[in-house]
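K.L.:
Protein sequences, first through last, are from chains A and B.
Just so you know, UniProt numbering puts the end of the first sequence at 316, numbered straight through with nothing missing.
Just so you know, UniProt numbering puts the end of the second sequence at 331, numbered straight through with nothing missing.
Hints are computed from structural coordinates only; laboratory data are not their basis.
Since the model is a prediction, treat every value here as computed from it, not as a measurement.
Accuracy of the hints is not assured; some may be wrong.
Unchecked claim - In the DSSO-like style, the derived pairs of lysine-lysine whose C-alpha atoms are separated by at most 27 angstroms in a straight line are: (1) B/Lys-150 / B/Lys-122; (2) B/Lys-125 / B/Lys-241; (3) B/Lys-300 / B/Lys-320; (4) A/Lys-206 / B/Lys-320; (5) B/Lys-150 / A/Lys-206; (6) A/Lys-206 / B/Lys-300; (7) B/Lys-150 / B/Lys-125.
To be verified - Chain B stretches covered by chain A per the calculated footprint, using a threshold of three residues with CB under 8 angstroms from any CB of chain A: (8) 48–60; (9) 299–312.
We put the CB at the ideal spot given by N, CA and C, even for glycine.
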Amino acid sequence: MTDIPAPISARKPKSRREMFFDSDLWWSFRKSKPAIGAAIVLLLVILAAILAPVLSPQNPYDLASLELWNAELPPVWMEGGQMPFILGTDVQGRDILSGILYGTRISIFIGIASVIVSLVIGVLAGLTAGFYGGWVDNVLMRLGDVLLSIPIILVAILVTSVAQAILPPQLREAGISIVLVMAIALYSWVQYARVVRAQAMVERRKEYVQASRLVGTPARRLMLNHILPNTLTPVFVAATLNFGLAILIEATLSFLGVGMPPNQPSLGTLIRVGNQYLFSGSWWIVLFPSIQLCILVVAVNMLGDWLRDALNPKLR
Amino acid sequence: MTQADLILSIDHVSKEFDVSAPWLNRMLERKPKLFVKAVDDVSFSIPRGSCFSIVGESGCGKSTVARLVTGLYSTSGGQITFGRGDAGRPVRVQMIFQDPQSSLNPRWRVGDIIAEPIREMKLRKTADETRDRVEELLRIVGLAADDATKYPHEFSGGQRQRISIARALASEPELLVCDEPTSALDVSVQAQILNLMRRLQLELGLTYLFISHDLSVVRHMSDMIAVMYLGRIVEMAPAEKLFTDPQHPYSKLLLGTIPDIHVPNRDREVQNGEPPSPLSPPTGCAFHPRCPLATERCSKEAPQLRAAGRSMVSCHAVQKGLATIPARRQD
Numbered sequence: 001m002t003d004i005p006a007p008i009s010a011r012k013p014k015s016r017r018e019m020f021f022d023s024d025l026w027w028s029f030r031k032s033k034p035a036i037g038a039a040i041v042l043l044l045v046i047l048a049a050i051l052a053p054v055l056s057p058q059n060p061y062d063l064a065s066l067e068l069w070n071a072e073l074p075p076v077w078m079e080g081g082q083m084p085f086i087l088g089t090d091v092q093g094r095d096i097l098s099g100i101l102y103g104t105r106i107s108i109f110i111g112i113a114s115v116i117v118s119l120v121i122g123v124l125a126g127l128t129a130g131f132y133g134g135w136v137d138n139v140l141m142r143l144g145d146v147l148l149s150i151p152i153i154l155v156a157i158l159v160t161s162v163a164q165a166i167l168p169p170q171l172r173e174a175g176i177s178i179v180l181v182m183a184i185a186l187y188s189w190v191q192y193a194r195v196v197r198a199q200a201m202v203e204r205r206k207e208y209v210q211a212s213r214l215v216g217t218p219a220r221r222l223m224l225n226h227i228l229p230n231t232l233t234p235v236f237v238a239a240t241l242n243f244g245l246a247i248l249i250e251a252t253l254s255f256l257g258v259g260m261p262p263n264q265p266s267l268g269t270l271i272r273v274g275n276q277y278l279f280s281g282s283w284w285i286v287l288f289p290s291i292q293l294c295i296l297v298v299a300v301n302m303l304g305d306w307l308r309d310a311l312n313p314k315l316r
Numbered sequence: 001m002t003q004a005d006l007i008l009s010i011d012h013v014s015k016e017f018d019v020s021a022p023w024l025n026r027m028l029e030r031k032p033k034l035f036v037k038a039v040d041d042v043s044f045s046i047p048r049g050s051c052f053s054i055v056g057e058s059g060c061g062k063s064t065v066a067r068l069v070t071g072l073y074s075t076s077g078g079q080i081t082f083g084r085g086d087a088g089r090p091v092r093v094q095m096i097f098q099d100p101q102s103s104l105n106p107r108w109r110v111g112d113i114i115a116e117p118i119r120e121m122k123l124r125k126t127a128d129e130t131r132d133r134v135e136e137l138l139r140i141v142g143l144a145a146d147d148a149t150k151y152p153h154e155f156s157g158g159q160r161q162r163i164s165i166a167r168a169l170a171s172e173p174e175l176l177v178c179d180e181p182t183s184a185l186d187v188s189v190q191a192q193i194l195n196l197m198r199r200l201q202l203e204l205g206l207t208y209l210f211i212s213h214d215l216s217v218v219r220h221m222s223d224m225i226a227v228m229y230l231g232r233i234v235e236m237a238p239a240e241k242l243f244t245d246p247q248h249p250y251s252k253l254l255l256g257t258i259p260d261i262h263v264p265n266r267d268r269e270v271q272n273g274e275p276p277s278p279l280s281p282p283t284g285c286a287f288h289p290r291c292p293l294a295t296e297r298c299s300k301e302a303p304q305l306r307a308a309g310r311s312m313v314s315c316h317a318v319q320k321g322l323a324t325i326p327a328r329r330q331d
């Protein structure tokens, strides 16, 4: 910005869009090569996942399109590779690339859904705890401490197996992704709650909150209109980093066999299935889904790290 | 002065804060509950249209009085009575805060900040009327109508304090409680804000309860001044009377700290000591460890606020007529 800003009275009010492109955040994004790279990679991965039905050579869920003589074909650049199956096929003749594209879709869906669910629970719990303090704070935060003291894998295995036992058989297949989302959210809301609570405790003592109290604003509006917008910055950072974590947790659960079933495979399921054939020499079945999972999580985490630095006032 | 003229009267009001350690620590360390008496038996009343000031050092309880009056804190004892406002409704109280950085929500546009009281209290019917009122308020405090679309960070400290005043005026209050409204501002800007507040007082018939530690600011604004020390009022007098003829030794000490432009290197009386901790206030008169007039009696018996001439003073020595010493000792 080399031009001298116009005097305040002569300036037009900025629209939200202008304010975004004028912001420190956008400036720091343009200056950060890793962030731009990660964003491009992430965008490509997400686009490919969304466009999976168009891009993939085969619908891996359509059993009619699978041919057994195509089973365990290596990638095309190797001896015996065949053309539509760029990354090879698995033991049932499923195209690995198609499986990855569809699997990424499921992984991203579960990641986003669990972030949203845990965000809502965590922000509401943190706001309430930080705003009211006292025993409300104690109950909510100690509950969170208890949850965090149990390893997440155990919690998730417990939740999914209990859900499998409770749900009627026809709902089990359809409901499994929702159960997974709930299991992950049950664990990760605590982090948001802690971040929001700490910030809310600072904000609620500030004078603008007291000024609003004076005109009789009810507690609900004080929390949502005044305190919440001022606590969101660290929440965005936590949400980005947790998105990567949620994808990993889901992959771990699927790898252990308590996550997505093989007929609607996520990346973790693909890795589990492929793992069984690793020693029979079909390394491509497990390697390519693993690489995709790596790329996805690393890109998300790099974005999260950049966001954390960009929004940290101490590093500006 | 009849009762009807009073906009606010405060009767033997006290406020205690519980500053105990958490329950578990108290159990383990066998410590009792701990209370701080921030305001102790304070009484005063404010006539309509006047400016009543409270001065004192940090921690003397003056801001607590402000928050008790506005209702942000509840009293531990005593009575706060308000007079009648417009059209017979109870007096509306609003507050102007000390720190213009934290008293405006950084995520809200100025127009929304000023409109909040109007919306919450439903003072205007339509959105258009609300917007007109916001623009009118902005002009009243000396800002431009199109400042409503900006965010607080686009303004200087003085301008922010004007926004704060506009917000306080939005609910059409009769009593404004000003908690050190100028202490975070430059001296040049302080004068502008104080002049604005005086002008508003005349134009709108406002009553002020003015809290400050800055005696020159208080002198400019006030009709009556109360001097607080450790939660109690030690002297209460009309403004000029307090400045020309302070009675209580603590008032004299405070006035002695004002720099004198004509005698910049005058011999200042060295006062030993600092205000004692409010956790364990001295027995008797709270000021006796620092008081040049202290006697045996002062350490045993707390003095009461009694009339001494046109002032009200809470000091055994003054009440016995001993305090005929000059305001400043010439050593």
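K.L.:
If you draw a straight line from the CA of A/Lys-206 to the CA of B/Lys-320, is it 27 angstroms or shorter?
P.N.:
46 angstroms, violated
K.L.:
Has the given pair, A/Lys-206 with B/Lys-300, been kept, meaning a C-alpha gap of at most 27 angstroms?
P.N.:
The hint is violated at about 40 angstroms.
K.L.:
Just to make sure I understand the rule, a stretch counts as covered if three or more of its residues have a C-beta closer than 8 angstroms to a C-beta of the chain. Does the segment 48–60 of chain B meet that for chain A?
P.N.:
violated (count 0)
K.L.:
Count the residues of the segment 299–312 of chain B with a beta-carbon closer than 8 angstroms to any beta-carbon of chain A: does the count reach three?
P.N.:
violated (count 0)
K.L.:
Given the hint that B/Lys-150 pairs with B/Lys-122, test it: the Cα-Cα distance must not exceed 27 angstroms.
P.N.:
23 angstroms, holds
K.L.:
Compare the distance between the alpha carbons of B/Lys-125 and B/Lys-241 with 27 angstroms, and conclude whether the hinted pair is satisfied.
P.N.:
Given pair B/Lys-125, B/Lys-241 is violated - Cα atoms ~48 angstroms apart, limit 27 angstroms.
K.L.:
Take the C-alpha atoms of B/Lys-150 and A/Lys-206, compute the straight-line distance between them, and say whether it is at most 27 angstroms.
P.N.:
21 angstroms, holds
K.L.:
Has the given pair, B/Lys-150 with B/Lys-125, been kept, meaning a C-alpha gap of at most 27 angstroms?
P.N.:
24 angstroms, holds
K.L.:
Are the Cα atoms of B/Lys-300 and B/Lys-320 separated by 27 angstroms or less?
P.N.:
16 angstroms, holds
Violated hints, listed in ascending order, are 2, 4, 6, 8, 9; each of the other numbered hints is respected by the structure.
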